[in-house]
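J.: These are the residues of each chain, in order.
Protein chains: 2
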Amino acid sequence: MRATVLHGERDIRVEDVPDPVLGTSGLDAIVRVVAACVCGSDLWPYRGITRPAVPKRIGHEFVGVVEEVGSEVTQVALGDFVIAPFYQCDNTCVNCANGMSVSCLNGGWWGSETEGLGFADGAQGERVRVPMADGTLVPVPGGQPDPALVPGLLTLADVMGTGHHAAVSGGVREGSTVAVVGDGAVGLCAIIAAKRLGASRIIAMSRHAARQELAVEFGATDIVPERGDEGIARLKEMCGGIGPDVVLECVGTKESMDQALRSARPGGQVGFVGVPNGGPELPARTMFDTNVGVRGGVAPVRGYIEELLPEVLDGRIEPGRVFDLVLPLEQAADAYRAMDERTAIKVMLAP
Amino acid sequence: MRATVLHGERDIRVEDVPDPVLGTSGLDAIVRVVAACVCGSDLWPYRGITRPAVPKRIGHEFVGVVEEVGSEVTQVALGDFVIAPFYQCDNTCVNCANGMSVSCLNGGWWGSETEGLGFADGAQGERVRVPMADGTLVPVPGGQPDPALVPGLLTLADVMGTGHHAAVSGGVREGSTVAVVGDGAVGLCAIIAAKRLGASRIIAMSRHAARQELAVEFGATDIVPERGDEGIARLKEMCGGIGPDVVLECVGTKESMDQALRSARPGGQVGFVGVPNGGPELPARTMFDTNVGVRGGVAPVRGYIEELLPEVLDGRIEPGRVFDLVLPLEQAADAYRAMDERTAIKVMLAP
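Each protein sequence line maps, in turn, to chains D and W. Just so we're aligned, residue -17 is where the first sequence starts under the numbering used here, counting upward by one. Just so we're aligned, residue -17 is where the second sequence starts under the numbering used here, counting upward by one.
There's no promise every hint is true.
Copies of the same chain look alike in the list, so a pair counts if it works inside one copy or between any two.
[To be verified] Pairs of lysine to any residue residues, derived as SDA-like cross-links and limited to a Cα-Cα distance of at most 20 Å, are as follows:
#  : residue 1 : residue 2
1  : LYS218    : CYS75
2  : LYS218    : GLY81
3  : LYS218    : ALA191
4  : LYS38     : PRO265
5  : LYS218    : THR74
6  : LYS236    : PHE270
7  : LYS218    : VAL76
8  : LYS177    : GLU293
9  : LYS218    : ALA79
10 : LYS177    : LEU295
11 : LYS38     : ASP(-2)
12 : LYS218    : ASN80
13 : LYS236    : PRO265
14 : LYS236    : ARG(-16)
15 : LYS236    : GLU212
16 : LYS218    : ASN88
17 : LYS177    : GLY(-10)
18 : LYS236    : ARG267
19 : LYS236    : THR268
20 : LYS218    : ASP296
21 : LYS38     : GLU323
Don't read these hints as lab results, they were simulated from the structure.
Produce the entire structure from the sequences given, and follow the hints as far as they go.
T.: Written out as structure tokens, the structure is:
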């Protein structure tokens, strides 16, 4: 089959790779990928900021149709349209039971070999072997979905669940004032999440016209283009002189986290989901003096799919609109380039 | 009147200072101190780790009787027995309304001059001028309390409210497993707080026999004397292999915060109230990977007094037992020495 392979800095190729086959555990499924995509976090190795051993299969977001199942699989069936979270999990261990399936004691990652699970294909390919299919996959009810819904369903594999995790971690509730730092796909999904959790004011920090527009359509009540001290001053001024109740940090740089921490009101909370690549360290003294809490991390999206799926299916939320470019799998290199150069918010790949 | 004055490293003296007088705002009260005490945080300047300008009036925890009130004071009356939080607040500003009275927009600190409020005496003295008396002071219902209750009431000025803040910030609830790092007065009060919030298991990290004993009487179900990696391994082993739901950090060193962060289970929370003197910085990447949140800080104890006071008055909780030494004000130097050398958990000063 064809799949995307990272060969080095800015060197992404689509190549022939072995077809996936069911393992011997009886717990696997083989899924034919209907749609995959490129994640902001895929850009770290693409840009050479992290340096995994190459060649490396890549991609961790996909939806598709179950083509084969092992003898022990009971929760998904041939022909099911399924959503895969960006990790594998058994959905039964103590961490999964605590809502932390992303820390599953038996979990694994796409495009990687995991002891006990074997190699799981990257998502940017034609097919994927799914270990622990019962725990990992979530079938979409009602058979094959309307193609127009596929992008929205695909966001449940990562970005919509991650934006939701930011809002949950930040403690957004009815009436909260919320600022969102980051106007990428996750930041935009965090706006959707904050709105559905009842935020009364949602301030999107963005300088890009197209993203500002989508932010407002998703529920942002205000746009603040300023950053750093200026941005903080604007947020404080807009929120009673003290700052928003919650700041959702969806970037992952030292600057964005610093802005988030210094923007929140005393006793407020930062919900963070930006991958803090190579740092930053958080100033405990500032947090102590202001009682601003920090909570978040790699999102346990598997557990959020059930909550968000009905709203995607009935159109109440439209996170699929973050995909502003769709390319065939064979043009994966163009997809990465568009994400890298920020000419696209998020690119969907259709094999 | 007589009051404690810091003159330099390990140089505490009790001296004659001016009697406090009501200011012109009409909002002050003068309180005769019935009991004050020495706080762990008083040891920072005492030890020369922080270096305020000296001579400096010191002490920030007191209970007493109202002797004079300004013309605009309506919430406290002559003769009231009152608890003062470790800061002054108006109890009406937006931060106070958000439950963050310690960040009151008009607040001040004991033993310090604040613009608009003037000089407020330190608590370790015979009398204290209280700015914004209506906002700051909480009268104890029922007139003069039984002397046996005074130590417990005094803890509501700081350590009991601070321990409670750790537990609230850590999100302790019915059934939580909780570890408490730090066996000082605040850590011991955090045990009381965790118990009353419904924790099913409370593990006290302590190596001192007397403190271990009090910890158990306060509600600790287990004692772990190990620290660092060994302590973390013990906690994980005791809590389902993954660690406690909540860790209450009541010390404030790099080591204690590190232990707290690495002990909590994935998705757990650190509630921190140890003053992070000169640091530490928190590792965002570790927090991201484990989804362990960090929340806490300088405790808004004013808002907790109403909740905790009835339980002190009827004996359901006995935080006053953290005082294991009572000295007259004139022996303040001995009190500091006992705290510094850890021969006492907490010392009460009775003028």
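J.: Confirm or reject each hint.
T.: Taking the hints in turn, this is what the structure says about them:
1. Taking identical chains as interchangeable, the C-alpha atoms of LYS218 and CYS75 lie at most 20 Å apart only when they sit on different chains, with a minimum of 15 Å there against 43 Å within one chain.
2. Taking CA atoms no more than 20 Å apart as the test, LYS218 paired with GLY81 passes between copies only; the shortest distance there is 18 Å, against 34 Å inside one copy.
3. Taking CA atoms no more than 20 Å apart as the test, LYS218 paired with ALA191 passes in neither setting, with 23 Å inside one copy and 49 Å between copies.
4. For a Cα distance limit of 20 Å, the shortest separation of LYS38 from PRO265 qualifies neither inside one copy, at 36 Å, nor across copies, at 28 Å.
5. In this assembly of identical chains, the alpha carbons of LYS218 and THR74 lie at most 20 Å apart only when taken from different copies (19 Å versus 44 Å within one copy).
6. For a Cα distance limit of 20 Å, the shortest separation of LYS236 from PHE270 qualifies both inside one copy, at 19 Å, and across copies, at 14 Å.
7. When the C-alpha separation of LYS218 and VAL76 is checked against a cutoff of 20 Å, the pair qualifies only between copies, where the shortest distance is 13 Å, while the shortest distance within a copy is 41 Å.
8. Taking the shortest Cα distances, LYS177 and GLU293 sit within 20 Å of each other inside one copy (13 Å), while across copies they are farther apart (40 Å).
9. In this assembly of identical chains, the alpha carbons of LYS218 and ALA79 lie at most 20 Å apart only when taken from different copies (17 Å versus 39 Å within one copy).
10. When the C-alpha separation of LYS177 and LEU295 is checked against a cutoff of 20 Å, the pair qualifies only within one copy, where the shortest distance is 18 Å, while the shortest distance between copies is 44 Å.
11. Taking the shortest alpha-carbon separations for LYS38 and ASP(-2), only the intra-copy value of 13 Å comes in at or below 20 Å, while the best inter-copy value is 76 Å.
12. With identical chains, the CA atoms of LYS218 and ASN80 are at most 20 Å apart between copies only, with a shortest distance of 15 Å across copies and 35 Å within one.
13. In this assembly of identical chains, the alpha carbons of LYS236 and PRO265 lie at most 20 Å apart whether taken from the same copy (11 Å) or from different copies (12 Å).
14. Taking the closest pair of Cα atoms, LYS236 and ARG(-16) never come within 20 Å of each other, the shortest separation being 38 Å inside a single copy and 50 Å across copies.
15. In this assembly of identical chains, LYS236 and GLU212 lie within 20 Å of each other by CA distance solely inside one copy; the values are 17 Å within and 32 Å between copies.
16. For the homomeric pair LYS218 and ASN88, the shortest alpha-carbon distance between copies (17 Å) is at most 20 Å, but the shortest distance inside one copy (44 Å) is not.
17. For the homomeric pair LYS177 and GLY(-10), neither the shortest alpha-carbon distance inside one copy (40 Å) nor that between copies (54 Å) is at most 20 Å.
18. When the C-alpha separation of LYS236 and ARG267 is checked against a cutoff of 20 Å, the pair qualifies both within a copy, at 16 Å, and between copies, at 11 Å.
19. When the C-alpha separation of LYS236 and THR268 is checked against a cutoff of 20 Å, the pair qualifies both within a copy, at 15 Å, and between copies, at 15 Å.
20. With identical chains, the CA atoms of LYS218 and ASP296 are never at most 20 Å apart, being 37 Å at best within one copy and 43 Å at best between copies.
21. Within a single copy, LYS38 and GLU323 get their C-alpha atoms no closer than 22 Å, and across copies no closer than 58 Å, so neither meets the 20 Å cut-off.
Of the numbered hints listed earlier, those contradicted by the structure are 3, 4, 14, 17, 20 and 21.
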